[in-house]
Amino acid sequence: MQTKNKSNGHGENLVAKDFATDQDVRWCPGCGDYSILKQIQTILPSINVPRENIVFISGIGCSSRFPYYMNTYGMHSIHGRAGAIVSGLKSVNPDLDIWMITGDGDSLSIGGNHLIHLLRRNFNVNIVLFNNQIYGLTKGQYSPTSPKGQVSKSTPFGSVDRPFNPITLALGSEGTFVARAIDRNPIHLREILSAAHDHNGASFIEIYQNCNVFNDGAFEEFTDKSLKDKNTLYLENGRPLLFDNESKGIVLDGFKPVIVDMDSYSPDDCWIHDDEDKIKASILAEFFDYTEERGNYLVLLEYFIKIRGIPMSRYSRIRSTFINLKEKLIWIHCSVVITSGKLNKA
Amino acid sequence: MKEPVDESRDEVVIHFAGDSGDGIQLTGGQFTETVELFGNDISTFPNFPAEIRAPIGTLAGVSGFQLKFGSVEVFTPGDMFDVLVVMNAAALKINLKNLKPGGIIIANTAGFDKKNLNLAKYIDGANPLIDHSLDNYQLHAIDITKMTREALKDFGLSVKEVDRCKNMFVLGYVYWMFSQTPDNTIKFIRNKFKKNTEIAEANIKALKTGYNFGDTNETFKTRFRIKAASLPKGKYRNINGNSALALALIAASHKNNLELFYASYPITPASDILHELSRHKNFGVKTYQAEDEIAAACAAIGASFGGSLAVTGSSGPGIALKGEALGLAVMLETPMVIINVQRGGPSTGLPTKTEQADLLQAIYGRNGEAPIPVLAASSPKDCFDVAYEACRIAVEHMTPVLVLSDGYVANGSEPWQFPESKDLKEFKVHRPTGDEFVDEQYLPYYRDENHVRPWVVPGMKGYTHRVGGLEKEANTGNVSYDGNNHELMVKTRAEKIEKIADFIPKQEINRGEAGADILILGWGSTFGAIETATKELIEEGLSVAHIQLKYLFPFPSNLGELLKTFDKVVVPEMNRGQLTKLIRDKFLIDAKSISKVKGLPFTVDEIKERVLKLREYADQK
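Line by line, the protein sequences are chains B and H. Here this note's numbering runs 1053 ahead of the position in the first sequence, where the first position is 1. Here this note's numbering runs 610 ahead of the position in the second sequence, where the first position is 1.
Hints in this document: simulated from the structure, not taken from any laboratory. Worth double-checking, as some hints may not be accurate.
No farther apart than 16 Å at their CA atoms in a straight line, the calculated lysine to aspartate or glutamate pairs in the EDC-like style are these [stated by the list, open to error]:
1) H:K815 with H:D764
2) H:K1071 with B:D1071
3) H:K707 with H:E1216
4) H:K1145 with H:D1127
5) H:K1071 with B:D1148
6) H:K837 with H:E621
Just chain B, with the same shape it has in the complex (with noise of 0.2 Å):
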């Protein structure tokens, strides 16, 4: 086949620009898009997979026009259903190295059915949801993760629906790799990128991203110089959960997550990070972060989960990824809730 524009691929030291396209970047000006955009550009060169085996599909939103400005192949299809298009065009070819780009309002809302199915059959590919809390595109409604109160376009006196949590929806579909991350830390960013690539199976990212438009600063407290140390806490597999300058800790009291001051307990009494451990799993993401209603909490990133079940990279395998999956973790129902949604701290 004649090739006339720029080869690529491996060997050919590309650089982040090369994966830049000729389309403007339409993005409202200080968008949190820019951020991903560029950690995504910037990770592709180093991941050895020919330019015209990477793939971009989006459904429909802000986040959603990010195809266009990836030189690769991409197609920006309908509101919700990228889920389904990734997932057709993997059986199909699964060598293919597929970026799923998604929103809070595509993926949670109206694509969530898609959503959960893609997760549930764990084909090999990249799902990377941007979450702000807010729909941008249609200028300005809440949406399924806004906070409890939100005031919106449409919900001019709050919102009064319960928001949910992308990261404990994303376990309970049985996701294989489960990780959260924020715009406004690059270099984090690129290391939950790159992990997610290389993960065999599906890899599901929330991205906490400022829509400085219609919902700026909702995740302030998670940004801001003076706030941040002590309201994130990066999980490290292997390593206990310490936060704040490791001045505070988390110990396990039972099922439940305290948070300790680290003057009178020692690293070890602390709780280990295991990324394959899907009760702790699900218990981190339970106890942590969600709250309905916007306040003090704390949030954590890096990966939650990292399971090396089978992958579907081939439909016939769907059985035995189902199979594997199940022998490998016992669900152990959690009897603990907590009612403030706030986090208990010692």
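Since the structure of chain B is provided, determine the placement of chain H on it from the hints.
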């Protein structure tokens, strides 16, 4: 004992009816196979309730299987029955009106006890088998249940297991009646119950007992002989519409070295396509049972983007859900086939009954200007040709294509002389020629003279590009909100589909001559009834012709000219006149609708009567 009189007939219509748990569909299927092996032409029509197990003995629970077989060419499963087999009172009550005067009733008397008569709502439990209300028919009242129990009493089976063999007794009896051998069914039973020889032998015993009962039963005066039909020589198999669709998709993918990807969500009456295809992994077929209808359509779009022959199948309600995705496929200009096995609508409607009311949905049912070619299958075996042709158009013209089938052709069956690989058309798959570049930039929407763009798939080096549902700039495919460009693109996409008319066969007349007084114009599954009606009307001396449309959008290029040669055009449809609307709109002729929406196919007589009535009405004017 009186010797039975052999009666020779060209064709016979037999209808088996009983509870949906009585094994009626299996009995009908076996009888079909046997007469087909013997060499009769056949046409079948299974008609069953939507409930899997409706309450036993009720009118709602009656399942039927109708078969017409003959020594002459058979186009429909027949209007009125010659023979009606009923396992209970409800089955008789529902079907008696369609039995020819003087026809034969074979009734299981055990199904006419007080309870069954009440369930069938016979007033005060009046029993039609003894009250002389059936004196105009030849009644064979047999206690099939008792005789089966008697025959199997030494088998050590439970009463329930024994009773399940009674359909085999009936089948044996009917085999005798039509001078057919039970050998094929014996083979079938042995194979079906390989692991349970006791059950197998019990069923065979019941079958033989039924056959021998016919032989020795002195009341039975007539035995029918239907000679084999003189069909063209070749290899035949029995095929129903859904299997024919599935086989066509496999054939199209294999012949053209394309991988077949079929995505579907279970829905009556289309699910059998998924079942059939999922059995053929040996042909590299990938089947995908999606989480919903939308996902099935979108997965097919993904597979098409990935270079596969992508197909999704459903019925009306599912097609409604797929609508937005079909618009995307139009916008992307990617090849894909969408199958709609129509059923009674709207909404959930009549899931197990047939209808043709999704034609306008197929042609118009999307937002924006979103033309999609539409083809319709006219018989079970025609499903093969139509699905194969749909794949060809999709690939050669880079477009989604809709195939309309319906519950009648999907479940009905007929003998099919299957084609050989060498007889199948090869598709022209559009790959880039090298002309599609400007300044080393690949133009994904650079078109050939028929407005067709190349099919480039991820993994092809040097052609990376983006596609999407937003309006695109001509050639580059970049997002464009420019009004003039949008109008150009809308026109281009429409012209691309219109040009398909140049690549499909000209419309031919199925029966009769151009210029006849009356044209009966049909589409889809009405073929058999219209063809037979036309044949009979011509024999009766009327100037009538029949055209059955396969290509509904775009129409064949000569259709308008052809239609204008007829004085009157009448259009029988199982809807409220949807093709009639299209014909009036496109050709400005006064087409008349013959409408039926009862969940059942047209009978030949219905069409004849309505055509004659329209003629009289016109003459009076």
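Verify the proposed pairing of K1071 (chain H) with D1071 (chain B), using a straight-line Cα cut of 16 Å. holds (15 Å)
Between K837 (chain H) and E621 (chain H), does the CA-CA distance stay at or below 16 Å? holds (9 Å)
Does D1127 (chain H) sit within 16 Å of K1145 (chain H), going by the straight-line distance between their CA atoms? Holds. K1145 (chain H) to D1127 (chain H) sits at ~15 Å (cutoff 16 Å).
Take a quick look at whether K1071 (chain H) and D1148 (chain B) sit within 16 Å of each other, Cα to Cα. Holds: K1071 (chain H) and D1148 (chain B) sit about 14 Å apart, inside 16 Å.
Taking 16 Å as the top limit, are the C-alpha atoms of K707 (chain H) and E1216 (chain H) close enough? Cα-Cα ~15 Å, so holds.
Is the hinted pair K815 (chain H) and D764 (chain H) satisfied, with a Cα-Cα distance of at most 16 Å? holds (11 Å)
In this structure, every one of the numbered hints holds.
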